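Colleague: Just so you know, the sequences run in chain order A, B and C. Counting in our numbering, the first sequence tops out at residue 291, every number present. Counting in our numbering, the second sequence tops out at residue 307, every number present. Counting in our numbering, the third sequence tops out at residue 489, every number present.
These are computed hints drawn from the structure, not numbers from a lab. Model, not experiment: these values are computed from the prediction. Hints are supplied without guarantee of correctness; some may be wrong.
[Claimed, not checked] Some chain A residues close to chain B (C-beta under 8 Å, calculated; not the full set):
(1) I92
(2) T103
(3) L106
(4) V164
[To be verified] Computed footprint of chain B on chain A; a stretch qualifies when at least three of its residues, placed anywhere within it, have a C-beta under 8 Å from a C-beta of chain B:
(5) 110-121
(6) 173-187
(7) 267-274
Note that the Cβ used here is the ideal one computed from N, Cα and C, for glycine as well.
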Amino acid sequence: MRAVQVLVDGFAISSLYGLAAVGFTLIFGVSGVLNLAHGGIMVVAAIVAWAAAGEYGLGTYAGALIGVAAGLITAYATYLVVVRPIQRSRAIRPEETEIFVLTGTLLWGIMIQVGMAYLFSDNPVTVRPLVAGVVNIFGVRTPTNKILIAVIAWAVIGLLWLLVNRTRTGKALLGASMNPRGITLLGYELTQLYLIAWTIYGILAGIAGVLLASFLGVGTNNTGQLTASAFSIVVLGGLGSVSGSLIAAYVVGYLETMTAYLIAPTLRPIPALILLVLVVYVRPQGLLGRR
Amino acid sequence: MSFFRSRLFWIAAVIVVIAALLPFWLSAYLLGILTAAYYFGVFAMAWDLLFGFAGEVNFGPTFLIGLGAYTAAILNANYGLPILVCVIAGAFSAVVGGILLAVPALRLRGPYFGLVTLVAVLLLQNCIVIFAGITGGEIGMTVPDVLSIDADVNYWYALAFLVLCAALLYGLSRSAVGLILQASGQDAVGAAALGFNVTKHKIAAFCVSALFSGTAGAMLIFYMGTASINTVIDVSIAVQIIIAAVLGGRRTILGAALGAVFLIVANEFLRPLGQLNTFVVSAVALAVILFFPDGLIGYALHRSERE
Amino acid sequence: MTGEARLQVRDLGKRFGGVVAVKSMSLDLHAGEIVGLIGPNGSGKSTVMSLIMGLIRPNTGTIRLDGIDIASWPAHRIARAGVSIVFQHSRPLQRQTVLENIKLALLPDSLLRLATEASAAERARTIAEQVGLGEVLHRHPWTLPFADLRRMELAKAVARDPKVVLIDEPFAGLTAAEIKIFSDLIRTLRDEGRAVLLVDHSVKSVAALADRVIAMYLGERIAEGSAETVMQNETVRRVYIGGKIEDVERKAPSTARDATLLDIDEVEVFYGKANALERVSLRVQQDEFVSIVGLNGAGKTTLFNAISGLVPYRGAIRFAGGDLKNLSAAAIARAGVVHCPETRELFGHMSVRENLELGGGHLAKTVRQHKLAWVFDLFPILEQRQAQAARTLSGGEQQMLALGRALMMQPKLLVLDEPTLGLAPVILGLLSKAIERLRREHSLTLLLAEQNVTFALPHSDRVYVLDHGRITWHGEPARFADEMSTGYL
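Sequences are here, hints too, so could you generate the full structure?
Modeller: Now the structure itself:
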């Protein structure tokens, strides 16, 4: 009984972690940016979805869509207001650009967190389940919503895989992540490719935020934690490796769920942190990392 | 010796004298803010030594500060040891922490190392919550001893501490060792080719940064009389330190201290805005990064270099 | 020159993954001599220097300094033992003055020293004056001209009185007058009894300066002796220019149309302060095959990067009448100017087929399939290996892939940079035939940069010679054999 519960819960949360982490890793692979405002984007999506559905009475589905759109807009803002100006700044030495972008996104993330708390308060919000009802899995009653979330997460990941591996644009993105100069010499505009990457990222993070709110509830106080867990997963799996991120997401998701159920809920984030420290000391490039 | 005749020395001396006389004019409340700001200044200077000189981005300076603070607090509250012993012990444990942090630093590039420092803070935070029996958990703990009950005396302790640390750190930055550190941070390969053991120097930089951070953290505890996650460990504190150093200007040491004081005072003025003061401060820091990446003081220094 | 060598390198070997950079290299360096290490790109000369300095660890071999094996020592220890290096790219501390930069080199590796001794400042001043920086001691590096930065690098290297001085590309970016001054400075080092090893692409400058020359190719020593003997050596000439520049079989002059496709007009490129290209002008007509020949460091890649919009430049570059300066690099590629770079820039983790398909990404699907079949026909080995990851291919196969990918873009002008770099002679033949076939079956305008003259001449309608950033000769291949064969190397 317990085991099944752990299995199901772990699967659901891991799928969400996977979705969020894949976006994070994508933007690092293509754009070279470690976005510390990641949690902020998810939180914006979640809160806007809740507000649109409830406060503005647009209903759950419309609310969810608007939430995702809000996430996308926030992602654009992150790129156009913070990341790109820093990358193009002539006052910063090229070796230091990475660190400045990191600090810049950190500050931006804080601004988002505080701004949203100001506008909506820092109470966690939940997005109403997209599907009602309960399903029986091996004797455990699970809300259908939970299953749906995992299904949606995987559907999106599947779509992303199709995009990257089967479309010309996707291949160009992959090429840009491997060799920006090479892709330029083949006639693809890097600026366009970066915009596309951030668009995909914004949608992914937005969906992850909305789904997370539907599953666990999200508040502005979670912003840092969300960024930290995405960061941890991506480093574990290997920066720049999408499959690595997915595997790591499941490792972390299950570790956390098992800790919460079998040891104590308060110790939930610990095993992942310890694992992260071990990985960084022993194999810094992660499980499947390239860079 | 020529330093003592330089313009910088005289400006600094005037500022210190004015600062020392402030208790005769300001209220206890304002003095309290400045006191906290001065300790913050030491945090920021220690951070600048590590980043501006050794080239290592430490996203978790509060790991070192927290180690120093909590060690001192636990020893004082649970074992009744005198303040001086606790502060020294705090400094020592921070240095140990600094060495632990230095080991992966030497094998990892920038963003990876930054991540390790963040994780260190989170781990420390979680440890404190888990061992709530000893540490007071999320609520925090109180310490029986304090430096002084008098706001004026506390202020002078803090000011003296700040001036001492500033003198030491600044002197270090301008010394031969400081030059080697800068070379190690800017161009490790070039420094090695000139015969410098970069590893040794970077570990030393960590230890020095840890020493000052830990000591300051411990002193802060004995000023406030309490220790809690929110005041010495939380990531938001770490961010404030980074903002202070960035605002003031990297590699200037003194700029970081000024940035810290400016930041704390600004926070105070923005208090009526409630939550939004963090927003405004972050926005200003972001603007500085975008337009004055060398910080406000760094920018001013460069202007004078160009003339 | 004394009997026992100061520095003895034996069987030095280094591989990076699957690539063998240095293969069983041995050399002796005596006090009071200048040894020049020459060789085309990829021959391993710079790697040898880095290995001696301890910046990279060797896989095999020993490096003995006065009898002690330093091969496994860390760089800083080797530096303290009396070896120093002048890097190819200046690396000053920007926030410190010239004097402070040199003083740094005099500091002991101590954690406890806070004050610098007064004698250190004095000594730094003396050294600065010796290299000609006496007037600019208190200036900051970013205010100094290029040559002064190079002087400062030299000053840093000799500050601690080294026994062995390694100099990497001392003449890159310097004018002829500056080269002479630097050569004199290096001679002074030798006269002071130091052992000097230098590496440079400019064979002539090395020849004028070195007491002994060692030629390297593909990680090995292929010749050693006085400058003249080495430069006349058969193997060396073959490696540098592909063989004897005799009358290679030429096809009849092509019926090139008169339209000027590419017009390069007084182009100048600066890397920081170094002048990489000086008022270069050249022209390519429609359907022509033009070659630019020159040794490494001459500026061929810089010129091509300027054409492709990858580096900023002064002057004008016009393609089919339109100015390329306002277009982005990707737009220039789409306009038909396809650059196949020296570094190939393949997508290593993608398959051969995926690389090619990306090249044809702007074409309609049927056209792309058609072109793909055509490329496979041209390079059958690519069809065989189409599912393999690009980075697992051999050097020659990678070059074919790079060329094939460029052809997928249906170029109006194909700009090809050093395709023969590091390739075995057998592959050169394959490439040569492929290019011949391309010209025969399709109208293709080609601009080729090559060091290997024997490869370039047979196909070319016209030849330009690029030397130290300037065009020094221009004409038809037949005349090249007559006029340039002796002066080229």
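Colleague: For which of the previously enumerated hints does the structure constitute a violation, in increasing order of number?
Modeller: The structure breaks hints 4 and 6; every other hint is satisfied.
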